[in-house]
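Asks: The whole structure should be built from the sequences, with the hints applied where relevant.
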Amino acid sequence: MTLVLAIVVPLVAAFLIPVFHLARKTLPVSLIGIMGLISLSASMAAAYAGWFSPEVSLLGGWAPEIGIVLVADRLSSAFLLITGIGSGAALACALEKFGGGPWRFYAIFFLLLGSMNGILLTGDLFNLFVFYEIFSVAAYLLVAFSMSWQALEAGLKYLVLGTIGALFILLGTAFTFMATGILNMALLSEALVSVPRETLTAISACLVLGLTIKTGAFPVHFWLPDAHSSAQTAVSALLSGVLVKVSIYALMRVCFLFFLETNGTVFLAITVIGSLSALGGHLMALRQDDIKRLLAYSTVAQIGYILIGVGCASAAGAAAAVFHSFNHMLMKMGLFIAAGNVSDEKGTREICKLTGLWKEKPFWVLGFTVLSAAIVGIPPLNGFMSKWFIILSSAGAGTVIPALVIAAGTVISAAYYLRVLSAFVSPGESDQEDPFKSSPRKVRSKIVSLTIVGSFAMFCLALGIMAFSPFSREYFSSIGRTAVDVGAYVGLVTGR
Amino acid sequence: MITLSYVTSVIIFCIGLYTIMARRNLFKTVLGLALMESAILLIIVSSGYIPGGVPPIEPFMGPAVNPLPHAFTLTAIVIGASDIALALAFIIKLQRHYRSVDLDRIRGLRG
Amino acid sequence: MNIRPFLFRITALFLCAFLGVMLFRGIAAMPPKESVTGPAAHYLERASRETGARNVVGAILFDYRAFDTLGESTVIFTAVCGISMLFSRRKFHRSSSGLSFIAKRGIGIMAPFLIMYATVIILFGHISPGGGFQGGTIFATVTVLLCVVFGSSFESSYFPPKTKESLESGGALLFCGIGLVGLAAGTGFLSNLSAGFPAGREGSLLSAGTIPLLNIAVGMKVGAGLSAIFYSMIKMLDTTNDYREGGPIR
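Protein chains in written order, with this note's numbering: chain A, 40 to 535; chain B, 4 to 114; chain C, 4 to 253.
Hints should not be assumed to be uniformly reliable.
Chain A residues, not near chain C, derived (Cβ > 12 Å throughout) [claimed, not checked]:
| hint | residue |
| --- | --- |
| 1 | F59 |
| 2 | L150 |
| 3 | A244 |
| 4 | S382 |
| 5 | F498 |
Just so you have them, the derived chain C footprint on chain B, three or more residues with Cβ under 8 Å [said to hold, decoys possible]:
| hint | segment |
| --- | --- |
| 6 | 17-28 |
| 7 | 67-74 |
| 8 | 86-97 |
| 9 | 101-108 |
Just so you know, the hints here were simulated from the structure itself, not pulled from any lab data. Ideal Cβ positions, reconstructed from N, Cα and C, are used throughout, including at glycine.
Replies: Listed below in C-alpha cells is the structure:
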C-alpha cells in the first residue's frame, strides 16, 4: 500500500503546484517545504517497508503477469534512502537559494522525485521505460533551468544523447517483448533462459548500451560534464549525487535479473566500461581548470568504480557498489554544494582564482577538505572503505586489472583535489586593492547549505568508522545478497 | 511479408542513428531521433501481427491481433512526441542566440 | 584536410551496419508467432468481462496497465512545463493577423464539428477505436487551426494559457484522484471494477467503470498540453519574425 504512495504523492504535489500558482504568483516557501517533507516521508515509508519485509504491491489488483507490480526489496530500499537524503538536501538548498519564486522549477523537481521513486520501485520493464522518460525529461529541464547559453547547450546535448539511450532501452524492451510476450521483470528472468542466443545478444546489447548512456560512463559520457557543470548549484548536486545513482540502480536491477544466468559477457563488458570510466574520468579531471567540470569528471570516474563493483557479478561486489553509491552521494553532493557556493560568491569558477578562501570562509573550506579527503580515500573515511571493498570483491572475482585501475585512480584524484585545496588555502592577492571584485554579488548567508555540507562531512566520517564494525557490514552485505538473489525476487513477485 | 517489415524498420533505425552521428545540422539530429523512434514503433507494431488477424475490438470476427503492442505504441508515440517537442524548443532557443543550427558554430556542442 | 570527417563517417556507417545486422539476426532467431500468447491472450479472452470495455487496447491502457498511462501523460505534463519555462521570458508579442476571409469562415464552420468529433472519440473510447489520446490530439488540432488561421492572439483569447494550465493540472489530478479511490477501497491503485465502480451494460456509453473517466482525464491533459506546446512555440516564432523585420517588440 505504501509503495504506490511514494510515487503518487510527489506527482500530485507537482500537479498541484500550477494550480497554486494560478491563485498566487509566488508560492510560500513553507508550502513547498511541507510538500517536500510529505513526499520524502512517503518514500522513506516505502524504504522502511521494503527493508524489513520485502513488499509487493499489485496495481489495480491484477496478478503480476497481467498488470503492473511495484516491488520493494533491500536493493530498492537502499537506493530509496540515497535518493531521499539527496533530494531532500537539494530541495533545501534550492529553497534557500531561489525562495518560492520559480514555481516551474519545483513542479519539475517533484516530477523528478516521483519518477525516481517509480524507477526504483517498478517491477515491469515497460513501466521502467516510462518512468525513465519522465525522469530524463525532468533532468534535461533542470539542467537548462538557469537559461544561460551554456546550460541550454548542455541541456540539448543531454537531451539528444539521453533520447538515444532511451530509444535503445525501448528497443531492448521491444525485443524482450517479442521474444517472450511478457514484461514483468521477475517472470522475464525465468523466461529469458529459453530465448535464442542471437536474440539474447541483441537484447543485452540494447539494454546495456541504453543504460550505460544514461549512466554517463566513459565512452558515452560527453553529456555528463557539460550538464553537471553548467546547471545551478543545487541541481548539479542533485544530478551528480542522485540521478546517476538511479541510473546505476536500473543497470544493476536489469543486469542482475536478466543476465546473471544467461549472458555472463554483460558483466565483463560492464567491468571494462567501469575501468575505462575510472581511468578516463580521472585523467580528464586532472586537466580541468573549472572547479565544477573537475567535480563532474570526478563523477565519471566514481561511476566507473561503482560499475567495477557491479561487474563482479557477486554479492560482495553488489554490496560494495551500493555502499560506494551511498558514499558518493554524500561526498559529491557536499562537494558540489560547497564548490558552487564558494564560486558563486567569488564570481568565478576557475580554480586558480579561487584563492584566499581559508581566511574568508573557513567552514566551507573545512567541509570541502573533509569531503575531498573522503572521495580520494584517506583511510578512516568512508571513501576508503567502499573502494577497499570494491577492490576486494573484484580480486575475488578473479580480475586484478580493475583493482590496479582503482589504485592508480586514487593517486590521480589525490593530485587534482590537492590542487584545488592548495588554491583554497593560498593567500589571495587582490583582497585589499579591489573591494568590489572580492564580492561581486550580494552575499546572502547560506546557513542551510553550510549545515548540509557539514552534516554530510560528519556522516562520511561516521560511515567510515561504522564500516569497521561487523554489524554494519552485515547490513551492507545483505543488500548485495538481495541484489544477486534472483530466485528470491521471482518468488516474492509471483508469490511462489 | 512480416520479415520485410522488420528489415525495413531495422534499416530505418540504422539510418536514424547514422544521421545523428554523421550530420552536423541540429534539425537533422532531431529527424534522426524521430526516425529511430518510428522504426522502433514499427518493430513493436509488427510484432503483434497474427496472420489473418482482426482488430482487437469485441466482438471479434476471427483471431484478434495482439493488443498489447498497440497499447505500447500509443504510449511510446506520446513519449517520443514530447521528447521531440522539447528538442525543437531547445533548438529554437539556441538558434535565436547563434543564428545557426550548425553544430560546428555552436560552441559547447562540438564533439 | 577533410580526411577526418570522412573517416568518422565511414566508422559511423560501419557501426550502424554492424548494429543493424546484429538486430536483424536477433529478430530472425525468434520463432515465428502463430497465435497470441502470454498476458495478451488473457486480455483478448477476458477484457470485456473483467473491465466491461469492448476496446481491448483501451482496456489495457486504462485498466490493466493504467499506471503506464499515468506516467506517460506525466511525460507530456513535464514537457509542457519545460517548454513554457524555456519560452517564458517574452510576455508581449504581436500575432499574425491570420489567413484570408474564406479560410476564416471555413474554419469557423468546421471548428464546432471538429470539437464534437474529438468529444465523441474521447467519450466512446471504451467501446470503439479511440480514447483519450486520440481525442485530445484532435482537440489540440482545433486550437492549432485557430492559431494558424486567426492568429495566435485570437486563439489565446478563446483558450487562454491559464485555462489550458488548469485543464492540464485538473486532468492529471482527476486521474490520480480516480486512482486513489481504488487505493481507498483497498483493491490497489487505479483498480476498476474490483473497487466497486459500476460495470454497466457492455457496449453502452456508461459502462466499463473508470475507463471513460480516465479517458476524459487523459483527453483534457493531452489536448491542453499539446495546444500549450504549440502556442508556446508559435508565440516564439511570431516574435522571431518581428525581430528579423525590425528589432524586438517589447
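Asks: Decide, hint by hint, whether the structure agrees.
Replies: Hint check results:
1. F59: 10 Å, violated
2. L150: 5 Å, violated
3. A244: The claim breaks: A244/A does not keep its Cβ more than 12 Å from every Cβ of chain C (closest is about 7 Å).
4. S382: About 25 Å separates S382/A from the closest Cβ of chain C, which puts it past 12 Å; holds.
5. F498: Since the minimum Cβ distance to chain C is about 32 Å, F498/A lies beyond 12 Å and the statement holds.
6. 17-28: holds (count 6)
7. 67-74: It holds, with 7 qualifying residues against the three required.
8. 86-97: holds (count 8)
9. 101-108: Answer violated; 0 residues pass the 8 Å Cβ test.
Of the numbered hints stated above, those contradicted by the structure are hints 1, 2, 3, 9, listed in ascending order.
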